[in-house]
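Turn these sequences into a full structure, and let the hints steer you where they fit.
There are 2 protein chains.
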Amino acid sequence: MLIVQKYGGTSVGNIERIDEVAKRVKKAKDAGNDVVVVVSAMSGETNKLIEFAKYFTENPPKREMDLLLSSGERVTSSLLSIALYSKGLKSIALTGRQAGIYTDDIHTGARIDKIDSNKIKKNIKEGKVVVVAGFQGITNNGEVSTLGRGGSDLSAVAIAGALKADLCEIYTDVDGVYTTDPRIEPKARKLDKISYDEMLELASLGAKVLQNRSVELAKKLNVNLVTRSSFNENEGTLITKEENIMEKPLVSGVALDRNQARVTLRGVKDEPGIAAKIFNRLAKENINVDMIIQNIGLDGVTNLGFTVPENEIEEAKRVMNELDASKQLEFDTKVVKVSVVGVGMQSHSGVASKAFDTLAKENINIQMISTSEIKVSMVIDDKYGELAVRSLHDAYHLDRS
Amino acid sequence: MLIVQKYGGTSVGNIERIDEVAKRVKKAKDAGNDVVVVVSAMSGETNKLIEFAKYFTENPPKREMDLLLSSGERVTSSLLSIALYSKGLKSIALTGRQAGIYTDDIHTGARIDKIDSNKIKKNIKEGKVVVVAGFQGITNNGEVSTLGRGGSDLSAVAIAGALKADLCEIYTDVDGVYTTDPRIEPKARKLDKISYDEMLELASLGAKVLQNRSVELAKKLNVNLVTRSSFNENEGTLITKEENIMEKPLVSGVALDRNQARVTLRGVKDEPGIAAKIFNRLAKENINVDMIIQNIGLDGVTNLGFTVPENEIEEAKRVMNELDASKQLEFDTKVVKVSVVGVGMQSHSGVASKAFDTLAKENINIQMISTSEIKVSMVIDDKYGELAVRSLHDAYHLDRS
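Taken in sequence, the protein lines are chains A and B. Each step along the first sequence adds one to the number in our numbering, with nothing skipped, and position 346 is 662. Each step along the second sequence adds one to the number in our numbering, with nothing skipped, and position 372 is 688.
It should be emphasised that the hints constitute simulated quantities derived from the structure, not laboratory data.
Note: identical chains are not told apart, hence a pair may lie in one copy or across any two.
Under the rule of at most 25 Å between Cα atoms (straight-line distance), these lysine-lysine pairs were calculated in the DSS-like manner:
hint: 1; residue 1: Lys-435; residue 2: Lys-342
hint: 2; residue 1: Lys-378; residue 2: Lys-406
hint: 3; residue 1: Lys-509; residue 2: Lys-480
hint: 4; residue 1: Lys-633; residue 2: Lys-593
hint: 5; residue 1: Lys-406; residue 2: Lys-370
hint: 6; residue 1: Lys-403; residue 2: Lys-364
hint: 7; residue 1: Lys-406; residue 2: Lys-480
hint: 8; residue 1: Lys-342; residue 2: Lys-438
hint: 9; residue 1: Lys-535; residue 2: Lys-564
Below is the structure:
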């Protein structure tokens with residue numbers, strides 16, 4: 317098998333941890349696999365460098381930030397290569413440039429344009445473990461770029477796609493994807509498999525194992541992703557295409573998103589163009605709108621509701637107050653969003669109504685509802701968040717596989 | 317003027333120091349100069365990374381070491397560029413690769429092959445301060461290389477040469493080149509000017525301001541070097557070609573080299589080939605021989621003396637004992653070398669005899685003597701080292717300019 321392994325900051329957080337990673341890589345290699353490893357910076361390093369830069373200015377030039385921040389992954393990749401060498405393996409560390417990761421020139425948030433994987437392939441053929449500095453690439457002008465948050469995951473997925481790797485393992489300090497947050501519901505169960513789409517819904521809803529960009533890219537490139545822990549030997553969670561999942565669960569997980577605030581406009585004229593006007597303006601001001609609910613109006617007026625991240629609510633208030641439409645405004649930051657996710661919903665009815673029933677039984681009022689093919693999201697009073705998660709987890713028997 | 321400034325590890329040792337460096341660069345820029353800055357890694361960083369690597373193996377692969385160690389200068393160059401930007405200057409940080417520093421592929425001790433200075437020139441023309449990561453270059457294969465000890469000085473000199481800069485300022489934590497070590501002789505005086513050749517003799521004799529490689533390159537490229545402190549505003553010492561020094565001093569400085577051990581072979585047959593045999597063998601074993609003294613023999617036998625660095629004496633003992641010639645061997649580690657250096661000696665006699673006189677007056681026995689056009693070196697008992705330096709400093713009136 318050809319395996320791409322990616323180790324995050326805590327997994328390479330100190331020199332002993334890098335040694336542990338080397339042992340794990342050696343195991344995979346000794347088992348007869350070809351292995352490409354992508355590493356993040358040692359945890360804390362990137363933040364330290366950002367602090368250094370902020371000493372001088374709150375808005376350091378992005379090109380220089382990329383040069384600065386890319387150094388952390390160079391350190392870990394060289395150190396891991398040295399660690400592998402010390403264990404008798406042939407290995408080579410490659411920078412983003414040397415690994416052929418070409419990006420556009422949007423510094424600090426570059427997108428991968430293409431991967432020239434010739435150098436990686438050549439080194440694999442020579443029997444080497446290839447260790448790639450994650451998070452970074454090079455522009456056509458030879459400038460160093462970085463990929464933004466979750467960039468090393470993205471490097472790993474893109475490389476796995478380019479190499480048509482059998483597996484892309486993302487190592488972090490958690491065991492995988494759970495049916496819900498185990499800190500809220502101790503009966504939460506680790507999932508063996510989950511589809512890309514379910515993962516996308518769960519990630520955007522608060523499961524912080526993987527950034528959506530990486531899952532989206534894995535889906536696009538058809539990369540089998542596994543998230544698992546580098547701190548134990550537990551099997552992780554396979555994120556793959558729906559067809560690869562034999563028994564499709566009705567519901568895979570319940571997610572809680574606390575970072576929500578609700579905006580409601582009452583008495584909006586029920587005529588074309590109103591919604592467009594509001595949401596264009598919010599987009600222009602870089603306010604992220606999540607759920608949007610509009611119902612059929614009565615007597616030519618309707619209510620329009622939407623949610624934004626809690627930390628953007630002040631900005632949203634300002635914008636809404638500037639708009640003509642902003643006559644009867646209501647803002648509420650004391651809300652959370654609870655979501656039930658599962659590919660099985662597509663072919664089974666009754667999933668949504670069971671969710672509403674469950675919350676009703678607990679006397680939890682549902683303020684907003686939004687559904688997609690594989691998801692039901694509900695905005696509720698924030699004090700009921702944990703209760704709602706536990707009740708739903710029970711209602712769908714998520715503690716049993 | 318076009319000035320290349322190089323700041324060493326202590327000069328950029330923390331974020332406040334980098335801020336100080338930025339102020340100094342701004343001053344030079346505001347005075348109407350074009351400025352290229354070459355920086356080392358923050359002091360301690362390189363050693364930390366070497367320690368990390370040594371955790372895994374005493375002999376880490378050199379290619380990976382270069383990738384590892386080159387990260388330190390990338391950090392300081394980006395941070396300095398950000399600091400300059402925050403002070404309203406236009407600036408750009410360049411890696412060794414981006415600065416066009418091409419080297420051979422001898423990792424951890426690469427030699428600069430050529431400098432493609434187009435990118436630097438282009439950015440200077442755009443009014444930018446160019447900040448170059450020192451110590452590093454790139455091979456023709458796109459591998460990252462480093463230049464070994466004193467590598468950042470070498471980067472600065474090579475860039476100054478390629479740009480035909482008016483001045484190359486090397487900033488450290490000392491004020492310049494002194495007539496002797498001020499810790500030995502408090503009356504030691506900072507020199508305003510010194511020739512390349514004098515500096516070469518002083519450096520190899522223990523003045524640690526500049527590595528010889530950099531002075532040799534400066535001489536070859538005709539670069540006017542200034543060593544000065546980044547911790548104060550004192551004028552430094554200009555190292556330039558002899559023609560630029562109007563009043564050539566008889567003696568410029570007195571150096572003490574404690575890292576010396578003496579080897580003497582008594583009763584060596586006075587016939588061709590003996591010396592060649594011995595020194596070829598020592599060279600093959602990588603033992604650095606410094607002074608070599610052989611005198612006319614009596615009755616067909618002679619004595620042969622030479623010095624090696626003190627830490628190589630055990631190795632030298634082993635080699636000498638293996639050689640046929642090694643019958644009457646004498647080893648002495650309790651010796652030091654005192655040298656008197658000055659371009660003026662070339663045209664004035666009496667400099668050497670004054671040195672011998674001076675030591676004789678102090679009852680210091682001279683074990684070995686070696687002279688060059690601009691230097692007289694004497695090996696003496698190590699307990700007289702400081703006394704000899706002070707007496708010679710006085711004898712040549714080095715406290716007065």
